[in-house]
Every structure is written in C-alpha cells, then in structure tokens.
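Novice: Chain residues, written in single-letter form:
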Amino acid sequence: MKSFFRKKKPEAVYCQDWRNWCEVVLREVRFRPDHEAIARELMAHMEDGRADLERLGYDRTLAEQRTLRAMGDPAEVGRALDQTHKPWLGWLWQATRILLLALSLTAAMTLFAVTGLPELVQRTRTELLWEPPASAVWAETEHAVIYAAPGEVREENGHITADIDLWIKMRDPLAAGQEIQLWDLTCRDNWGTLEIRDWPNQPESRYWQPFGLEDMPGGWQRFRQGLELTLDQPPQWAEITYPNGSADWKLRVEWGEEP
Amino acid sequence: MMNLPRWNRTQKTIRNLLGMALCLFLLLWSRGFPARTLEGLVTRAERQYLLDGSTLLLQTDSVGGGHELYLWNQGSILQVYYDHTWLGYELDAVRLFDEELGAFAGVDLAAGKQEGYYPIQLFVFGDLPDAASAEMDITLSYTSNQVVSTCTARGARAAENCWRFDLTRQHGDADTSQQARWEREIFAGSQKDRYSGTLRLYGENGALLETRDIGQFQRTTMRWE
Amino acid sequence: MKIDKSLMTGSTTLMVLSLLSRKEMYGYQMITELARRSDHTFELKEGTLYPILHTLEADGLVTVREKEAETGRVRKYYRITRKGLKVLEEKKVEWNTFTEKVNAVVCGTSPA
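Protein chains in written order, with the working numbering: chain A, 1 to 259; chain B, 260 to 484; chain C, 485 to 596.
In isolation and in its complexed conformation, chain A is listed as follows (with noise of 0.2 Å):
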C-alpha cells in the first residue's frame, strides 16, 4: 500500500492520517491498478485545501485536520470508487492492451516480412493481370484452351525479335504439363516458315524459341508461355500449329501495320 507514496515532491509531507485515511478508501477499491491515481487526487485535492487554509492563516497541524474532516467517511468514498472502477471492466482493458500490442507487432512483422505483404502484392497483381485480352485469338481442345495475341516487337542486336504471349487454360490437372508441349509447335510467319531453337541468341535468324513459364499460384490450372521469334523484318502476322492427331489446332496473331 505504500508503494505510491515513495514519489514524494519535496515541500508536500503528506501526514500520516491522511495516508491513512486514504488507505481505508483503497481498501474498498478492488481494481488494484487504479489505486495509484485515486490517491493521487486525492492526495492533491487535500494538498489544495490545506493551502487555502493556510493562507487564511490556519497553522499547518490545524489546516490538515480540517482538510481531512472535510473529506468525509473514507469507507463510503472508497465504496462508491468502487463500484465504477469495475474490476471485471479494468482487467479486460489490460488485457486488451498487452494482445493488442502483441498483435499489431506480429502482424508488422508479418506484413512487412519478405514473405509478407511485397509477396501477397505481387501474387494479386499477377492474379488480376493474368488474362489475355479480349482481342486474342483461341482454340480449344480436349484438355485446355489456348489464347494467343500478338506480343511485343523489338530491335535486338541487329535482329527483329517478336513475342507472341499465350495464355493457357487447363481443364484437367493430370493432363496439365504434358497437353501443351510447345516443342512440338510449328510456327511461320507471313516471310515464312521459322525454325525452333532450344539455344538463345543464334547467329542465323528467323528461329522461334518458347520462353516463360510463370510460376502461376493455384497450380495446373492456367499459366503463362510465349514464342519469341527472332526475324529479319518486323512480321505482319504469325500462325502457330499443333499437331493433335486428326484436330490439330491453328492460332494466327496479326501485328497490323506499322504506324
């Protein structure tokens, strides 16, 4: 109980009845915590009264009595403190702050770990960006669907290089990595007929090579590939072709003119 008075400003001496009259207040009040800052004020409400007795020239023994007498019966005041400082309600509200910060520091910790928030971010973006536009061309076979649109064209090292992105559909789980096994693709544009290589950067050019196959979440269900084609001169349009016994599948990509 007389732990909250070791703080003690040096001209305040509380004297001894009103510790304890103080302590009988406490004694009423459950909820421990709040002892601290109920005899604070009170302490402080009766350091006021005795300063204005003082001043009307009371000496210091007789202003405290006074003081004190005014405060009324200690046992009444600490049962009606009681009754607001629930004990149920301040257990509850310490205990909400204690999670509270235990929480929100593994939360930050998770959020803002590698594996966090950055990753969530870049798995929605992929997600939300995945399909193909609504201009793509598509066919569809037993297992899949297969769109294709006409991707990005570029001067690389003295060669044109044209992408054509596809976008695959999977139906079936079991069937998935062994329906669209892009070597078996054959592929020409409106110059003619390309030749697949499995090395990059050939010397020869007009070669088509596949590229990119994302790490899509959610597994065989659709992922991303695409033919780069390595050419002379920028194509005005590309056909790609898969055998598939007597229904192969044709998907042609246009780039239109040059503006």
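Watch out, some of these pointers could steer you wrong.
[Stated by the list, open to error] Cross-link-like lysine-lysine pairs, in silico, DSBU-like; alpha carbons within 35 Å at most:
| hint | chain 1 | residue 1 | chain 2 | residue 2 |
| --- | --- | --- | --- | --- |
| 1 | A | Lys86 | C | Lys507 |
| 2 | C | Lys585 | C | Lys570 |
| 3 | B | Lys271 | C | Lys585 |
| 4 | C | Lys567 | C | Lys585 |
| 5 | C | Lys576 | B | Lys271 |
| 6 | C | Lys551 | B | Lys271 |
| 7 | C | Lys575 | C | Lys507 |
| 8 | C | Lys570 | C | Lys551 |
| 9 | C | Lys567 | C | Lys551 |
| 10 | B | Lys271 | C | Lys567 |
| 11 | C | Lys560 | C | Lys570 |
| 12 | C | Lys576 | C | Lys529 |
| 13 | C | Lys551 | A | Lys86 |
| 14 | C | Lys560 | B | Lys271 |
| 15 | B | Lys271 | C | Lys570 |
| 16 | C | Lys551 | C | Lys575 |
| 17 | B | Lys271 | A | Lys86 |
| 18 | B | Lys271 | C | Lys529 |
| 19 | C | Lys560 | C | Lys585 |
[Stated by the list, open to error] Simulated coverage check for chain A against chain B, where a stretch passes if three residues somewhere in it have a Cβ under 8 Å from a Cβ of chain B:
| hint | region |
| --- | --- |
| 20 | 97-107 |
| 21 | 230-242 |
Just so you know, these hints were derived from the structure itself, not from any lab.
Where is the CB? At the ideal position from N, CA and C, for every residue including glycine.
Starting from the known structure of chain A, arrange chains B and C on it as the hints suggest.
Specialist: For chains B and C alone, coordinates are given in the frame of chain A:
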C-alpha cells in the same frame, strides 16, 4: 494541446478490441487465411484438383521443417505440403501423382512414438494387378550407399492398388555398430534414409502374380531412375 | 442553513454537470465554486465528489484531461461532453418539473 478528448476506459477497450480484430484479420489475410483443421486443409488441397473424398495414407515431416500429407484419391496420390502455425494450417504446395509404379516413404507421425522412435511406412502404388497379398524385400540405406538393414515385410492394403509396408528397427538398442547408429538416426527422423527393394504380388491361391524392382528412392520422391 | 442530506443526493450530479457546462474544472475547484455559488449552503463531503466524477467519466458524460499547474503538480481537469450537455438539459427539465410539482403541493397553488 490534445484536440481529441481522452477516451474513457470502455471506449479504449472497444478501440483495442477492434484493433485486435484488425490485426488478426491482416495476419490471416497475409497468410492466405489458413485452414483451422487438418480436414479443412485437405479439402482445400483437393479442391485445387477438383477432387474430394480422399483417404489419408501418411502424415509425415518434410525437409526444412514443414509437414506432408499423402492421400489416395481414385488411383492417384495427392501430395500436400503444409505448415502448421498458430494461425492454422497453411497450404504450401499440392501435387497429384499418377504413376505406373510409384513409391514413397516417411516416418508416420500420426502413429506416435514407440520406444522413442516413429515407425516408418513405405507405400507402393500404381498400375498393379489385383492381388490378394503383397510382400517386399526392403533395403534401407543411409545416404545412397551405406546399407543399414534389409528385411522382408508383409504388405497391408492401404487402398485399391496401394500397398503399405511397415518398417521397424532391425538392430537392437544395445547394438553399437555403425549400422545400428544410422538406423536409430533414421528412425528418429533424419532425412538421410534411402529405400529400394523388390515387390512381389500374390494371388488368392498364393501364386506369385508379379515381381517388380523398385530402384533407390528418397523419402519424398515418387519416381526413381 | 444546513440542508438535509437526503434532499441533496439527487441533485448533486445536476449541479456538477452545470458547473462543468461553463468550463472545465478540477475537483477542488468545483468544491470551492459550489460553495461560493450556493452561498456556502452546499458543502458536501468533499471525498464524495470523486466517485461522482469518476462515474460521470465512465458513463461518457464528462471527459478527463491531465494538465500541469504552475506549482508543478499534475491535475485532472474534467470537461463536459456533448452527451453530458444533453443529459444536463434533461436533468434540468426534470428538476424544474419536480420543484414545480412540490411547490404546487406545498404552497397550495394549482398549476397554471
């Protein structure tokens, strides 16, 4: 000078509770709203492949501290990698295996420890003939070339076309040989175990139907060279 | 003159809220102000003010702010809230009606 008047205790408590709810939501969201039960996790894994109604074969640990589940579903094995945190069961990766002949093995965590060690279970599955019983000569090795023990185990049918073989320690507790120490290490959970063997399938009348050789494989691989 | 305590209990909250409706005050200030305005008729037991103030805070009728005084001591200043002003108005109406009816009975005058 504070512009906002100080809130009373009730208001502060409610504010804290709302803050807690928000933090919890952010945590769950950032981890992809993990499943609360293992069954929930399995359902999510199944849904990725449009399946349902799998049978659990094995629950084991993986390299790097995660966990794995192996489930049987209509002739294929569903391999589920997951993490178990205080937020729940987080799905890491799901793969579906449909092999002509496949095998996998692992310590069986669900079975619990026996004399301080988990039992090891080895599963063989694939396009196998309908057999009444199965037997397998199993060679357990420590890393790829140190043979630890060999045994012949009776198979139990785990599912249609899937046989389970229970491995137990062959060396006694008192055995201080290198093999025995490696064996104890393997059964305690070390991932240095390698398996190989010969599978024999028998018909109703005890006649040998088929013999298949299974090349050396590690704990979590499904196929071998 | 000394007023019977039982007459005081109901109206103390009303008086405290009235005091605070004009400006924010700390506990001792309210006691002196109350005594001054009522011509020293109302000198309630000072300790009993604090349970009232704490209850008003818990109910959201007043709000508390800690301010440092010149003497270096930190005082808790109580300020009325919007909800408190509303309750004050209600209590004023209630009080006026009450006193009107009591007067009517005591003085024998019939209500207008």
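Novice: Take the hints in turn and mark each one as holding or not.
Specialist: Hint check results:
Our distance criterion of 35 Å between C-alpha atoms is met by A:Lys86 and C:Lys507, whose separation comes to about 28 Å. In summary, the hint linking C:Lys585 to C:Lys570 is supported, as the alpha carbons are separated by about 23 Å, within the 35 Å threshold. A distance of roughly 42 Å separates the Cα atoms of B:Lys271 and C:Lys585; the hinted pair therefore is violated under the 35 Å criterion. Simply put, C:Lys567 and C:Lys585 have alpha-carbon atoms about 27 Å apart, close enough for the 35 Å limit, and the pair holds.
About 30 Å separates the Cα atoms of C:Lys576 and B:Lys271, which keeps this hinted pair within 35 Å; it holds. Of the pairs offered as hints, the one joining C:Lys551 and B:Lys271 holds, with about 20 Å between alpha carbons and a cut-off of 35 Å not exceeded. A distance of roughly 19 Å separates the Cα atoms of C:Lys575 and C:Lys507; the hinted pair therefore holds under the 35 Å criterion. For the hint pairing C:Lys570 with C:Lys551, the CA-to-CA distance comes to about 26 Å; that is within 35 Å, so the pair holds.
About 23 Å separates the Cα atoms of C:Lys567 and C:Lys551, which keeps this hinted pair within 35 Å; it holds. For the given pair, B:Lys271 sits about 17 Å from C:Lys567 by alpha-carbon distance, which is consistent with the 35 Å threshold. For the suggested pair C:Lys560 and C:Lys570, the alpha carbons sit about 23 Å apart, so the restraint of at most 35 Å is met. With a C-alpha separation of about 23 Å, the suggested pair C:Lys576 and C:Lys529 falls inside the 35 Å cut-off, and the hint holds.
As the CA atoms of C:Lys551 and A:Lys86 are separated by approximately 25 Å, the hinted pair is consistent with the 35 Å bound. A C-alpha spacing of about 18 Å is found between C:Lys560 and B:Lys271, which places the hinted pair at or below 35 Å, so the restraint holds. Under the criterion of a C-alpha separation no larger than 35 Å, the hint pairing B:Lys271 with C:Lys570 is consistent with the structure, at around 22 Å. The suggested pairing of C:Lys551 with C:Lys575 holds, with an alpha-carbon distance near 29 Å, which does not exceed 35 Å.
Proximity of B:Lys271 to A:Lys86 is assessed by CA-CA distance (about 15 Å); at most 35 Å being required, the pair is judged to hold. The suggested pairing of B:Lys271 with C:Lys529 holds, with an alpha-carbon distance near 31 Å, which does not exceed 35 Å. For the given pair, C:Lys560 sits about 38 Å from C:Lys585 by alpha-carbon distance, which is inconsistent with the 35 Å threshold. Counting residues of the region 97-107 of chain A whose beta carbon lies closer than 8 Å to any beta carbon of chain B gives 7, which reaches the threshold of three, so the coverage claim holds.
Figure legend: the region 230-242 of chain A, annotated as covered by chain B; annotation inconsistent (0 residues with Cβ-Cβ distances under 8 Å, at least 3 required).
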